[in-house]
Amino acid sequence: MDAYVNFIEYFLPPTRLTNEMINHEHPEWSADKISSKTGIYSRPISGKNEFASDMGIKAAEKLFDRSIIKPDNIDFLLYCTQSPDFFLPTTACILQNRLNLPNYSGALDYNLGCSGYVYGLSLAKGLIMGQQSDNMLLITSETYSKFIHPSDKGNKTLFGDGSAATVVSSKPIGDLKAKIRDFAFYTDGGGFDRLIVKNGGIKYRYDQGKDEVDENGSFLKNDSYLFMDGKAIFEFSNMIVPSLLDRALMKNNIKKSEIDLFIFHQANFFMMNTIRKRCEIPEEKFFIFIKNCGNTVSSTIPIALKEAFNQGRIMPGMKIVLAGFGVGLSAAVGVLEIC
Amino acid sequence: MDSINKFIEKFRGQYIDSDTFKMQPGSEFRQIDSWDSLTGMAVLVMIKSEYGVDISVEKFRDLKTVKDVYDYVKSEKGI
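Going down the list, the sequences are from chains A and B. Be aware that the first sequence starts at 166, since it is given in the working numbering, and climbs by one per residue. Be aware that the second sequence starts at 680, since it is given in the working numbering, and climbs by one per residue.
For the record, the hints were derived by calculation from the structure and aren't laboratory data. Given the structure is predicted, the values throughout are model-derived calculations rather than measurements. Every residue, glycine too, gets a C-beta built ideally from N, C-alpha and C. Heads up, some of the hints might be wrong.
Said to hold, decoys possible - Calculated pairs, BS3-like style, for lysine-lysine (alpha carbon to alpha carbon, straight line, at most 25 Å):
no., chain 1, residue 1, chain 2, residue 2
1, B, Lys-689, A, Lys-450
2, B, Lys-738, A, Lys-421
3, A, Lys-396, B, Lys-727
4, B, Lys-746, A, Lys-442
5, B, Lys-685, A, Lys-198
6, A, Lys-318, B, Lys-701
7, B, Lys-689, A, Lys-202
8, A, Lys-396, B, Lys-738
9, A, Lys-344, B, Lys-746
10, A, Lys-223, A, Lys-311
11, B, Lys-743, A, Lys-202
12, B, Lys-727, A, Lys-202
13, A, Lys-421, B, Lys-689
What the hints assert, rightly or not - Covered, in the sense of this in silico footprint (three residues per stretch, anywhere, with C-beta under 8 Å from a C-beta of chain A), are these stretches of chain B:
no., segment
14, 682-689
15, 700-709
16, 743-751
What the hints assert, rightly or not - What follows is a list of derived Cβ distance ranges for each label pair:
no., chain 1, residue 1, chain 2, residue 2, range
17, B, Ile-758, A, Lys-396, 25 to 33 Å
18, B, Asn-684, A, Asp-372, 48 to 56 Å
19, A, Lys-416, B, Asn-684, 41 to 49 Å
20, A, Arg-370, B, Asp-698, 48 to 56 Å
Isolated chain A, as found in the complex:
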């Protein structure tokens, strides 16, 4: 028994935040400088009343529309988000209902960010190989724009909203036919507060954040909004990913030179390029798709994987590495093999 990634579709909300718009609000950052450092030209932003659940539905509906898979074929839903509709119930139950998935289906949420898609594939593989499911729907969806403070130009520049829907099955029946091989994981909860929305969870539910500024009056943070210690995340990713990649390759008994394509979490161009060099991956094997998406957190990898497929970069027999890393701190690396 094996598990296969068969179909992927994604959704990006049509409203865009462009570099010119950021430059207009923060004149000290030129549009060209933003694009040369981040590789990003515009970011999709969800509507005021459009939530991660709504975007997840749109990606899944697109998948049902464009593939042979219909809601009736699904027997399990995994929903990866850090923007649930409610504390309870699990958003996946709401999605089951809104997508008309069979009542005899499993449905659960899990809370992970940039490592979430790779984790989702490993969970899907486990459920399929344990014969608990035949066709799983994995949805990743995030609206970080709703967590970002209006004065936080750094995070505004990096993150975009988006969702992706993936079907993982016990048989290679799809466009991709990517056999899911083995994974390696890394967790360091010691860095939990390096990328965090502190207030609003059960621990600081009613705390009101205050704007903290530096000596020049520039915005630093507000505990009710997204905080990211960019240096800490950069350091974590650069220190951990190269060795985690080696570990994953060893588990799969594959040499780095045998990998045809590397699809890493699309954090931003600068960070990806530094990690690529540190992992000694040639540029032509390193797929980048970030220009008009930005960092969509758990959806960057499925979006890039789908685009690589659309661009004809994925062929039968190829071996592909997926690597996600970030908030947690958490990282996961896995290998796909195209049938």
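Mind docking chain B on chain A? Use the hints.
The following block gives chain B in isolation, referenced to the frame of chain A:
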């Protein structure tokens, strides 16, 4: 410990346009056009992961040339 030339190669590799310029031991690395705080972060992480030396931001500010950084890494490693 790497030779200074090897060190310079690794240092230069952190710039976004590393293929477009040369670096000497006496080069003042902050004077290179593409230098910015992101490059600085990349250099510090490279030194930590390649040589196991953690340079504080304050200490790094005092170092002007690539050779200054090389010598500091060497001294921290007790070489």
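Hints and how they fare:
A threshold of 25 Å between alpha carbons decides the hint, and for B:Lys-689 with A:Lys-450 the separation of about 21 Å falls inside it, so the pair holds. Taken as a hint, the B:Lys-738 and A:Lys-421 pair is broken in the structure, with Cα atoms around 37 Å apart against an allowance of 25 Å. Taking the CA atoms of A:Lys-396 and B:Lys-727, the gap is about 13 Å. The hint holds against a cut of 25 Å. For the hint linking B:Lys-746 to A:Lys-442, the alpha-carbon distance of about 23 Å falls within 25 Å, and the restraint holds.
Between B:Lys-685 and A:Lys-198, the direct Cα distance comes to roughly 30 Å. Violation of the 25 Å bound is thereby established for this hinted pair. For the suggested pair A:Lys-318 and B:Lys-701, the alpha carbons sit about 33 Å apart, so the restraint of at most 25 Å is broken. For the hint pairing B:Lys-689 with A:Lys-202, the CA-to-CA distance comes to about 20 Å; that is within 25 Å, so the pair holds. The suggested pairing of A:Lys-396 with B:Lys-738 holds, with an alpha-carbon distance near 17 Å, which does not exceed 25 Å.
Of the supplied pair hints, the one linking A:Lys-344 and B:Lys-746 is violated, its CA atoms being roughly 49 Å apart against a limit of 25 Å. Restraint check for A:Lys-223 and A:Lys-311: the C-alpha separation of about 19 Å stays at or below 25 Å, so the hint holds. A threshold of 25 Å between alpha carbons decides the hint, and for B:Lys-743 with A:Lys-202 the separation of about 24 Å falls inside it, so the pair holds. Only pairs whose Cα atoms come within 25 Å are accepted, and B:Lys-727 paired with A:Lys-202 is accepted, the gap being roughly 23 Å.
For a cut-off of 25 Å, the pair hint linking A:Lys-421 to B:Lys-689 stands: about 21 Å separates their Cα positions. Under the rule that three or more residues need a Cβ within less than 8 Å of chain A, the assignment of the segment 682-689 of chain B is violated, with 0 such residues. With 0 residues having a beta carbon nearer than 8 Å to a beta carbon of chain A, the segment 700-709 of chain B misses the requirement of three or more and the stated coverage is violated. Interface restraint, the segment 743-751 of chain B with chain A: violated (0 residues with C-beta to C-beta distance below 8 Å; minimum three).
The supplied range of 25 to 33 Å is met by B:Ile-758 and A:Lys-396, whose beta-carbon atoms lie about 27 Å from each other. Our hint of 48 to 56 Å for B:Asn-684 and A:Asp-372 holds, since their Cβ atoms are close to 54 Å apart. Against the hinted window of 41 to 49 Å, the Cβ-Cβ separation of A:Lys-416 and B:Asn-684 comes to about 36 Å, which falls outside the hint. Our hint of 48 to 56 Å for A:Arg-370 and B:Asp-698 holds, since their Cβ atoms are close to 52 Å apart.
In summary, the structure is inconsistent with hints 2, 5, 6, 9, 14, 15, 16 and 19 from the numbered list given earlier, while agreeing with the others.
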